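K.L.:
So the sequence lines, in the order shown, correspond to chains P and R. Following the numbering used here, the numbering of the first sequence begins with 1419 at its first residue and continues without gaps. Following the numbering used here, the numbering of the second sequence begins with 261 at its first residue and continues without gaps.
In case anyone wonders, no lab produced these hints; they're calculated from the structure. Everything numeric in this text was worked out from a predicted model, so none of it was measured.
Below, simulated DSS-like cross-link-like pairs (lysine-lysine); rule was C-alpha separation at most 27 Å, straight line:
(1) P:Lys1575 - R:Lys270
(2) R:Lys354 - P:Lys1675
(3) R:Lys351 - P:Lys1575
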Amino acid sequence: MKNLKDKQFLSVFVFLGSLIILFLTIPLIKLFGSVGLISMAKTIIQAEVYNSIFLTLKVAFYGVVFVLITGIPLAYLLAKYDFFGKSLLESLLDIPVMVPHTAAGIALLIAYGNGYMQRFLSFLHLDFIDATTGIMSAMMFLSAPFLINGAKEGFRKIDERYENVARTLGAGRFEAFFAVILPMAKSDIINGALMMWSRALGEFGAVVIIAYHPMVAPVLIYDRFNNYGLKFSAPVAADMIIISVVIFLTVRAINNKKYGSR
Amino acid sequence: MLKIKNLFIKEGSFTLGELSFEVATNSYFVILGKTGSGKTMLLESIAGLKEGVRGEIYCDEKNMTNLSPEERNFGFVYQDFMLFSNMSVEKNIKFSTRFKKIEKSDELFKDLISFLHIKELLKRDVKHLSGGEKQRVAIARAIYSRPKLLLLDEPLSAVDPNLRSSIMKLLKNITKRYDTTIVHVTHNFKEASFLADNIAIMLDGKILQIGKANDVLNKPKSIDVAKFLGFKNIFKGSFFDFEDERKDSYFSVDPNRILFSYEKNDKYFCYKSKIESILDITDHYKVFAKVKKRVVFAKVPKNMFDKLELKETKECMLCIDEKDIRII
Chain P
1419 MKNLKDKQFL
1429 SVFVFLGSLI
1439 ILFLTIPLIK
1449 LFGSVGLISM
1459 AKTIIQAEVY
1469 NSIFLTLKVA
1479 FYGVVFVLIT
1489 GIPLAYLLAK
1499 YDFFGKSLLE
1509 SLLDIPVMVP
1519 HTAAGIALLI
1529 AYGNGYMQRF
1539 LSFLHLDFID
1549 ATTGIMSAMM
1559 FLSAPFLING
1569 AKEGFRKIDE
1579 RYENVARTLG
1589 AGRFEAFFAV
1599 ILPMAKSDII
1609 NGALMMWSRA
1619 LGEFGAVVII
1629 AYHPMVAPVL
1639 IYDRFNNYGL
1649 KFSAPVAADM
1659 IIISVVIFLT
1669 VRAINNKKYG
1679 SR
Chain R
261 MLKIKNLFIK
271 EGSFTLGELS
281 FEVATNSYFV
291 ILGKTGSGKT
301 MLLESIAGLK
311 EGVRGEIYCD
321 EKNMTNLSPE
331 ERNFGFVYQD
341 FMLFSNMSVE
351 KNIKFSTRFK
361 KIEKSDELFK
371 DLISFLHIKE
381 LLKRDVKHLS
391 GGEKQRVAIA
401 RAIYSRPKLL
411 LLDEPLSAVD
421 PNLRSSIMKL
431 LKNITKRYDT
441 TIVHVTHNFK
451 EASFLADNIA
461 IMLDGKILQI
471 GKANDVLNKP
481 KSIDVAKFLG
491 FKNIFKGSFF
501 DFEDERKDSY
511 FSVDPNRILF
521 SYEKNDKYFC
531 YKSKIESILD
541 ITDHYKVFAK
551 VKKRVVFAKV
561 PKNMFDKLEL
571 KETKECMLCI
581 DEKDIRII
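Could you put together the complete structure from these sequences and hints?
P.N.:
Now the structure itself:
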């Protein structure tokens, strides 16, 4: 009787789980099936395509690096300290995940595409509109919360007494952070960075408002679909997906092997 | 010598202090108290890990009060080890060499791994060690930094009971072998009586009694300390019909030293009693008898119990030898 009930329970859960797996994988299988390996290979060797995919991977990576440097200290402060306005700050950080991406693009354009900020960026020899700086900003704006929240959860899991012990052993605060806290939170930070990077790769709405050119892969896919139809856009989409998935799975596999699957 | 002067800290509704005490160099000092009495907070305050601490902390006449934890040179071992999971056992032990120069470090390392039996563990991942192994590594890591003072926070609580006595023996030898002073907090009387040169009893953020281990454990100076130490049968002198200055003092009687009989014995204080309840324990009976409207607790060996045919509601004499009445 007990076994029968267990089987019924598992059958229902497996069936429902399978539905969502099918929903998520069928479009990808159909995409690769309809495009085919030859078409994917022919497309990837086109300069416009590989330049676009490389640009997307590169700019998304720069965005991740920028948020690693600035977002990790913020994540640590949010995880370890209680201060006035903390809840508000945490809510603000989640706003980019909620807003329509085109709206985020407009907001970024208003903030950094004209006025003092534009002049400041020009002073630093950085263009914003139709430039990689603008693309990176759009990607970061919408995906940074994934890294910051991932790192915050990682820091939260680490008992503050590890830092205490490190300090009694002679480590200053910076030293304790870099020698103990950061390595212990590394797995969550890497997973958060991967989530941010993969989210940034797919960013279209905000990027297209700020920079149609140089074309990142999502814009190129849209451009080809708009001008030449499905036949010319699908291979680019398939190439982009396969490259992203390979990089994503490789980094995640290394991370899980080194720090344990969570 | 460690000298604490008027140490005070408030966290939420809990207040610690003001506390003042001294710990002699190379001595083993145990702070004994219930869980939640502020023992860990006191250790963390001494180590400089707490914000908002008032008072003064001196070590060998040097004022440590405003120094950061890394400047104090006080080692700290927590009950759940806090080994760094991103490092091997050896790297954990040698962690302090990254930040300060350790005198005769190679010699010390060899001695530590032999003394604490951790030679076989050096290359192991700390996640795969047993509780006892983790604790030995945590102690080695703290001693390797050559601390003037070693603060141990319930170091044996998370260790398998079978291994506790072996680690206790190691701890006992640390002060002299490694020229350090230990402040150890615990709620375990056995640990305290085995390890301590001096003991402080701490309850609700206050130190109630401090002194030589034997004196504190056997001669509590207040009812609260006596109750905490497990003293039973605490009565005022008037209970024993003392008419002199002892009348208002408190006394305690060990339940093992109480005798029952059916005749009065002139050598003892004997009182009419009525047995209220009896609990059968493996090797004795717990007997609760009413004397002068107070309940007295006695532990009666089984052979004696059978011989006297004691049972509930039975009336008999409850006798106490004067030498077994301990003043509090």
